[in-house]
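Colleague: Make the full structure from the sequences, and use the hints.
Going down the list, the sequences are from chains U and B. Taken in order, the first sequence gives residues 1 to 240; the numbers are from our numbering. Taken in order, the second sequence gives residues 1 to 404; the numbers are from our numbering.
No lab work stands behind these hints: they were computed from the structure. Everything numeric in this text was worked out from a predicted model, so none of it was measured. For glycine and all other residues, C-beta sits at the position ideal for the given N, C-alpha and C. Keep in mind that a hint or two might mislead.
Simulated DEER-style distance windows between Cβ atoms [stated by the list, open to error]:
| hint | chain 1 | residue 1 | chain 2 | residue 2 | range |
| --- | --- | --- | --- | --- | --- |
| 1 | B | Lys403 | U | Gln124 | 32 to 42 Å |
| 2 | U | Lys141 | B | Val267 | 52 to 62 Å |
| 3 | U | Glu121 | B | Trp391 | 42 to 52 Å |
| 4 | B | Val329 | U | Lys119 | 48 to 58 Å |
| 5 | B | Lys400 | U | Leu127 | 30 to 40 Å |
No more than 20 Å apart at the CA atoms, straight line, and that leaves these computed lysine to aspartate or glutamate pairs for DMTMM-like [claimed, not checked]:
| hint | chain 1 | residue 1 | chain 2 | residue 2 |
| --- | --- | --- | --- | --- |
| 6 | U | Lys141 | U | Glu128 |
| 7 | B | Lys304 | U | Glu128 |
| 8 | B | Lys400 | U | Glu128 |
Chain B stretches covered by chain U per the calculated footprint, using a threshold of three residues with CB under 8 Å from any CB of chain U [to be verified]:
| hint | segment |
| --- | --- |
| 9 | 300-308 |
| 10 | 394-403 |
Each chain is listed here by its residues.
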Amino acid sequence: MRETVIDAHNLSKIYDEKTIPVYALNKVHLHISRGEFTAIKGPSGSGKTTLLNMIGGLDIPSEGFVEINGTNITNLKGNELIDFRLNNIGFVFQSYNLIPVLTAKENIEFIMLLQKRPKKETDQRVLELLKQIGLEDKVNKRPRELSGGQQQRVAVARALAPKPQFILADEPTANLDSVSAEKLLDMMLKLNQEENMTFVFSTHDERVINRARRVITLEDGKIVSDTAPTPVTQEQTETK
Amino acid sequence: MILKLIWRNLWRNSRRTLITVASIAFAVLFAILMKSFQNGVFKNLIKNVVGYYSGYVQIHQKGYWDEQVLDNSFVVESSLIPQLQQNANIKVIVPRLETFVLASKGNTSKGCLLVGTDPVNENKLTHLKDKLIKGSYFENNEEAVLLAEGMAKRLEVSVNDTIVLFGQGFHGVMAAGKYKIKGIIHLAAPAMNDSFVYLPLGATQYFLGAENRLTSISLGIDDSKNTNAIAKKVKSRIGQKYEVMPWQELMPEISNHIKADSFSFYVFSGILYIIIGFGLFGTVLMMTAERKYEFGMLIAIGMKKSKLELVLLGETLFITLFGVILGIVLSLPLVIYLKENPIRFGGQMAKAYEQFGFEALFPTDFDPNIFITQSLIVLAMAVLIGLYPLWHVSGLDPVKTMKK
Chain U
1 MRETVIDAHN
11 LSKIYDEKTI
21 PVYALNKVHL
31 HISRGEFTAI
41 KGPSGSGKTT
51 LLNMIGGLDI
61 PSEGFVEING
71 TNITNLKGNE
81 LIDFRLNNIG
91 FVFQSYNLIP
101 VLTAKENIEF
111 IMLLQKRPKK
121 ETDQRVLELL
131 KQIGLEDKVN
141 KRPRELSGGQ
151 QQRVAVARAL
161 APKPQFILAD
171 EPTANLDSVS
181 AEKLLDMMLK
191 LNQEENMTFV
201 FSTHDERVIN
211 RARRVITLED
221 GKIVSDTAPT
231 PVTQEQTETK
Chain B
1 MILKLIWRNL
11 WRNSRRTLIT
21 VASIAFAVLF
31 AILMKSFQNG
41 VFKNLIKNVV
51 GYYSGYVQIH
61 QKGYWDEQVL
71 DNSFVVESSL
81 IPQLQQNANI
91 KVIVPRLETF
101 VLASKGNTSK
111 GCLLVGTDPV
121 NENKLTHLKD
131 KLIKGSYFEN
141 NEEAVLLAEG
151 MAKRLEVSVN
161 DTIVLFGQGF
171 HGVMAAGKYK
181 IKGIIHLAAP
191 AMNDSFVYLP
201 LGATQYFLGA
211 ENRLTSISLG
221 IDDSKNTNAI
231 AKKVKSRIGQ
241 KYEVMPWQEL
251 MPEISNHIKA
261 DSFSFYVFSG
271 ILYIIIGFGL
281 FGTVLMMTAE
291 RKYEFGMLIA
301 IGMKKSKLEL
311 VLLGETLFIT
321 LFGVILGIVL
331 SLPLVIYLKE
341 NPIRFGGQMA
351 KAYEQFGFEA
361 LFPTDFDPNI
371 FITQSLIVLA
381 MAVLIGLYPL
391 WHVSGLDPVK
401 TMKK
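Modeller: Here it is in structure tokens:
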């Protein structure tokens, strides 16, 4: 049996609780195992980002709780929660979100410095990641000197740097052209296979959905379909 | 990494940073110049007023200041002058015996203030010799007077003429004497110029039948800012028998003028700092508002709020520190130059000043305390303003902040 990384129990997020309750999420149960490559899809307002925020410990559920590797993160507060996120969850956002004043290398090592990792280990890991994302020659480039696709690859490397339990990616391909999007997906699938890294995406993008091994569909805050994880196919790993 | 972030964030918008640094630098420059000018002018004013006659501190018999008569004079105890001489801050000691008498020449008699003094020390305190316009300076053990110019005109006398002084001496004895005019002096203050007669102390004591008696001892000191401390020290040393008065008590109108002017400085510098404070706050506000999304992202990926707050406070402090250092660097040579080469008014303005016994001179005062105080005020203001982004970050919710 595969190890469960994310376990969401009965998650609800209700807005305007005092007047007419609006359910952004409505009693969602979700279990994600290590090594999954999961896409959460659904129309705008279906609750994808809200679900991702709760799994990532960025938002507090109105009801239910989230366990990451057996730790109930809903009970964590303040710095405890920030530390948990730092050490366990990698984030990739839609609009790259690199620190504009730091170079590609510094952006990746930033998160390891927050973890107070030894310099030698940090340098080694950063170089390794830059190699994995194919940007060894862009080490000293600042985000504005990189293309959107390159920036997003650096963002993935930054998310991977602290060796998290899983990576949450909120519409990672939304701002990318098709070539860059495919390259990014290839890279993430490779990391998923080679390092058994768990990826959870929220997305509208068919390119991501097509290559995911599990697709969860949300509508009106509820899971309406959940395709079972499938083994990786040759087609999924190849660049289209 | 924190320092690297602070430094690079400062130069994200280099033009804005430079404008802010420049505005802080000019505020510091103006505040330092204003305060240095004010202190310099006050010091000069005090030096002028105090150095004209009164001295920085005066010692009298208790009660003399309220009733300035010879009967309230005191006998100089042998230990008094040595005790004063022991104080290293006291540079000149001028013993005086003063009283109002009549001065006559022929049929003309005029009231005058007779000042019996030690010519050498009097010159050290009031530079009396420099005020001589005719004749020569008097000496101890001489029976000759220096007459103020206005007084000489009123009596229609000149150098080498003889005048008669008569009046009431100590314990009501009749005092009368003939004295040769050795010199005519010009005193800038009209009231003094019309009434002052200087006679050596020994001759005055003999004339008034007040052997070994004084009405006052005037003290010249090393620095005007030590006046009150020296007065206090002298008071505790020489005992309750005497009244020891700093110049602020001798001339309360000058002291009040300085206080009122100092208050206006605080108002002006307060306004200046408020303007600069708003400028700096504007920069901080913009820096905070335009990076809201980034702050949310940093907290989301695992940066503690306290670390982020440290970065933001560091940015405000660095900008301010650069401004303060630049302000000091700019003001330092200016203050030193204007101290050595004070602004000097000429023409009618100079005459108007001189009429009141003041030099028409506007020097600066080079006092490191001014630099330190003004810099600390600006830094304190920056810390206060730097609290805004801290407050903003402390309540920041990454989800809300990152919603576009």
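Colleague: For each hint, tell me whether it holds in the structure or not.
Modeller: Cross-check of the supplied hints:
no., hint, in the structure
1, B:Lys403 with U:Gln124: 32 to 42 Å, "37 Å, holds"
2, U:Lys141 with B:Val267: 52 to 62 Å, "53 Å, holds"
3, U:Glu121 with B:Trp391: 42 to 52 Å, "36 Å, violated"
4, B:Val329 with U:Lys119: 48 to 58 Å, "37 Å, violated"
5, B:Lys400 with U:Leu127: 30 to 40 Å, "37 Å, holds"
6, U:Lys141 with U:Glu128, "17 Å, holds"
7, B:Lys304 with U:Glu128, "26 Å, violated"
8, B:Lys400 with U:Glu128, "34 Å, violated"
9, 300-308, "holds (count 8)"
10, 394-403, "holds (count 3)"
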